[in-house]
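Under our numbering, the residue at position 78 of the sequence shown is numbered 78, and the numbers go up by one with no gaps.
Everything labelled a hint here was simulated from the structure, so no lab data went into it. Beta carbons are placed, not taken as given, at the ideal position from N, Cα and C, and that holds for glycine. Warning: the hint list may mix true and false statements.
Stated by the list, open to error - With a cut-off of at most 25 Å between alpha-carbon atoms, the simulated DSS-like pairs for lysine-lysine come out as follows:
1) Lys248 / Lys276
2) Lys138 / Lys181
3) Lys264 / Lys319
4) Lys19 / Lys248
5) Lys388 / Lys359
6) Lys214 / Lys157
7) Lys132 / Lys201
8) Lys157 / Lys127
9) Lys264 / Lys277
To be verified - Distance windows between CB atoms, simulated:
10) Leu417 / Asp305: 34 to 42 Å
11) Arg220 / Arg99: 51 to 59 Å
12) Gly290 / Trp90: 52 to 60 Å
13) Glu172 / Glu131: 23 to 31 Å
14) Gly410 / Glu131: 40 to 48 Å
15) Ile36 / Glu136: 54 to 62 Å
16) Arg220 / Asn322: 22 to 30 Å
17) Ala114 / Glu272: 34 to 42 Å
18) Arg183 / Lys388: 25 to 33 Å
19) Asp144 / His372: 42 to 50 Å
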Amino acid sequence: MNPFVYESPRFRVADHLKKLTAVLLLVWLFKGYLGIERYNRYMVYAIIALIFAFELLSVGKWIGVTITGILLALAKASLWTSVFLYFGGWLGMPSDLHRLAGRAFAYAVVLGIAGFLVGRVEEKHLKWKVEKKAYEFKGANFGDVMLRGDGKAYPVKFGSRRIGWVIDGRVEVEADTPLGKIRKTLSSPVALWGEMPVGRKTRADEDFVRSVSKLINPDRLYRNRKSVSTIDLGIIKIYDGEDFEYIKLPFIEIIDTPHGEEMKIGPFRIHEGNPKKPDGMVTIKELRNGFQLTRVGDRLKIQTDEYSIEVDGDRVVYKSGNESLSLGETVSLRSTDVSVSVGRGRAKIRIEDVVISAKDGIVRIRAGGRTHTIENGDAYRLVMRKAKEIVEEQSTELIDGLGIDRTKLGRRVKELLDELTAYLG
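Make the full structure from the sequences, and use the hints.
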């Protein structure tokens, strides 16, 4: 759990009451076996009271306490109550209470509509806002991601909830990856969506607050949504990565991984398989340039105007235009006219009209309109080794932004062809 995340005691109490409600509901279901049927009515009253209590205590977790939030909390509590009363009729609930299910549902509908109508009036007050408060910034540590520098940090709120900071000053970000440390000096102002430690309060620059408030705008920050796979606005978090998708909105959380899927809507969870829930999501973003770094759980993604890097454990995926590099169990290098891949007992090299493949101890070569087959273990191991060396050699220049060196790649492929001729006929 992120040590810098602050949660109000009210929300912690609400969470405990949810758990207590679940326990009491379980006890009520087995009341006959436990010999406490005489307390049936009182347990039903207690469960309903707890439902309303934890819903009302949860008001304002995302956008602050509003009339809309209170009405919708009452609507949700009425809805859960109607469901409990309706199905409880077949589980030993007193008949007079069971008959109140319809009335509870009617209250849920009326309160929900009222919340929607009031919400349309309150909507204009719910927006991203940079506060006219400043605190000393001396850097922050997020495990494999570090922020260094100094300056001032200004809180960003949505409604009454603090969802991030804007930093004015000298900022450098450093991230540990399997490719080594990636460092980038960022241009002020820099937004951090998440929590971080700050120093004592200092004098705020009102001109800076006015100018940066215009930059905290979803339409401006993510104008070209089609090319953006990661969106972070504090209360809206979307991460679309390699074999992984994470979406977090107020009251909704969705996780989709190769190990399974999970959807959380309010207090309810629906899951299939065993997906690993990420431990928070933190984003560092330049507000005037294209750099954005996002860490979600043990995943890391860096996006700029020129390239993107995604790290998942020992796996790294780099993309820049039509060039891509993947390092992990399988390593690969791809472009429009070039592809090299090796892993899981097979390798393939393609450049212009030359194709060299190795699989199951057999090497096949297609060059100059002719095809050759080599059934030799040494030749097979040679292609596997050389293919991996080519990817690793090209990866350094690719990460440095120089792109694929086709001259060097062509020379390496020619050297490999020359070595393979020794195994022909």
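Structure-based check of each hint:
1. Lys248 / Lys276: Given that 25 Å is the threshold and the Cα spacing comes to 15 Å, the pair holds.
2. Lys138 / Lys181: Holds, at roughly 21 Å.
3. Lys264 / Lys319: The hint is violated at about 32 Å.
4. Lys19 / Lys248: Answer holds: Lys19 to Lys248 is near 22 Å, not above 25 Å.
5. Lys388 / Lys359: Status holds; Cα separation ~14 Å.
6. Lys214 / Lys157: 14 Å, holds
7. Lys132 / Lys201: 11 Å, holds
8. Lys157 / Lys127: 8 Å, holds
9. Lys264 / Lys277: This hinted pair holds, its Cα atoms lying about 11 Å apart.
10. Leu417 / Asp305: 34 to 42 Å: Given about 38 Å between the Cβ atoms, the range holds.
11. Arg220 / Arg99: 51 to 59 Å: 54 Å, holds
12. Gly290 / Trp90: 52 to 60 Å: 58 Å, holds
13. Glu172 / Glu131: 23 to 31 Å: 25 Å, holds
14. Gly410 / Glu131: 40 to 48 Å: 58 Å, violated
15. Ile36 / Glu136: 54 to 62 Å: With Cβ atoms ~58 Å apart, the hint holds.
16. Arg220 / Asn322: 22 to 30 Å: Because 28 Å falls inside the window, the suggested range holds.
17. Ala114 / Glu272: 34 to 42 Å: 36 Å, holds
18. Arg183 / Lys388: 25 to 33 Å: Since the Cβ atoms of Arg183 and Lys388 sit about 27 Å apart, the hinted range of 25 to 33 Å holds.
19. Asp144 / His372: 42 to 50 Å: 47 Å, holds
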